[in-house]
Structures are given as C-alpha cells and as structure tokens.
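Start from the sequences, fold in the hints, and give me the full structure.
Under our numbering, residue 160 is the last one in the sequence shown; the count climbs by one each step, no gaps.
Keep in mind that the hints were calculated from the coordinates and are not lab data.
Treat the hints with care, since some could be wrong.
Claimed, not checked - Okay, derived cross-link-like pairs now, DSSO-like style, lysine-lysine, Cα gap no bigger than 30 angstroms in a straight line:
(1) K112 to K81
(2) K103 to K123
(3) K139 to K123
(4) K135 to K106
(5) K71 to K139
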Amino acid sequence: MELKNFPKIINLKKLKEIRDIARAKNLKISFANGCFDIIHPGHIRYLKEAKEVADILILGVNSDISVRKLKGKGRPFFPLKERLEVLSSIIYVDFIIPFSEDKPLKIIKLLKPDFHCKGGDYKKEEVPERELVEKLGGKVLIVGGKKIYSSSNLIKKLKK
Numbered sequence: 001m002e003l004k005n006f007p008k009i010i011n012l013k014k015l016k017e018i019r020d021i022a023r024a025k026n027l028k029i030s031f032a033n034g035c036f037d038i039i040h041p042g043h044i045r046y047l048k049e050a051k052e053v054a055d056i057l058i059l060g061v062n063s064d065i066s067v068r069k070l071k072g073k074g075r076p077f078f079p080l081k082e083r084l085e086v087l088s089s090i091i092y093v094d095f096i097i098p099f100s101e102d103k104p105l106k107i108i109k110l111l112k113p114d115f116h117c118k119g120g121d122y123k124k125e126e127v128p129e130r131e132l133v134e135k136l137g138g139k140v141l142i143v144g145g146k147k148i149y150s151s152s153n154l155i156k157k158l159k160k
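Right under this line is the structure:
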C-alpha cells in the first residue's frame, strides 16, 4: 500500500502500517503534538519546521477531555472533530492521530519517530517525552522559533 492511499486522520493500527511503509522506503518521520484549540501563526511555524526536518509529519492531537485536563474548564473552544478538520487543511501535516492521554507516550512507543518536535516554549531538556524518544533512537528538536503566541493569552485578550 502507498502512503497516499491512507486517510489523513488515522488510528494506532494505521499508524503502525504507515510507520512500516515509511521505514521500508527509508523515509524520516517527524512527530509533533498539541491541543491546537485556536490556530495561530505560532502553530503554523511549528508545523512547518517540524515537517522540514523529515519526509513525513505525523501530528498527535489531544482529545477534548485531555485538553480540558491540561487547559481547564471551558476548553477546548473547538471540539476535536472541528480541530481535526482545520488541521487536516494544513499542507505541512501528512497524518493526524488523536489521543486521550496527557502525553502521547503510546503513540511515540509505537511510532518510534526519528524526530519528536516541540515548540519554542520548551527547552530540550524539559520535554516530558525526551527520555522515551531518545531511548527509542530518536532526537528531540525545538522548532517554530521563540514562543510569541499563546492560545491561552489570546483567549484572555479576547475576554477583555
């Protein structure tokens, strides 16, 4: 099966198939993740740079329950289905996999990405998944430049 024949939004079974095809073709895989509740230029820069380091960018997206646990009551503003619709239209994103956990450890264990990309609000040594990624032979990269946008800050601004 060719990668172009897979749907853009996938599950763990499809993720494994994509990983196996990519490895057989010697393609590099980049993995990024987040809530993506309100898309802003910082998200686009993050996804663009995450795609530039590899042949395939797989994006993990927090479920509604997971976003609520991480961001608090009233979030997300957009339900998962709508966030997936928006993210599916971004040209840098090859595949999207929703997840319910706080951290995408199950996805990382299965995918074994060459690169795990986090945004500029992180320092490499502070990335929660760093130890697992490096144990599996991958590299953690900080991409997207300095964090100058924040959905939470945008929300506070709008409320004023």
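Hint check results:
At most 30 angstroms may separate the alpha-carbon atoms for a hinted pair to count; K112 and K81 meet this at roughly 26 angstroms. Restraint check for K103 and K123: satisfied, since their Cα atoms lie roughly 17 angstroms apart, inside the 30 angstroms limit. With a C-alpha separation of about 13 angstroms, the suggested pair K139 and K123 falls inside the 30 angstroms cut-off, and the hint holds. Of the supplied pair hints, the one linking K135 and K106 holds, its CA atoms being roughly 14 angstroms apart against a limit of 30 angstroms.
Distance restraint check for K71 and K139: the Cα-Cα separation of roughly 27 angstroms lies within the 30 angstroms cut-off, and the hinted pair is therefore satisfied.
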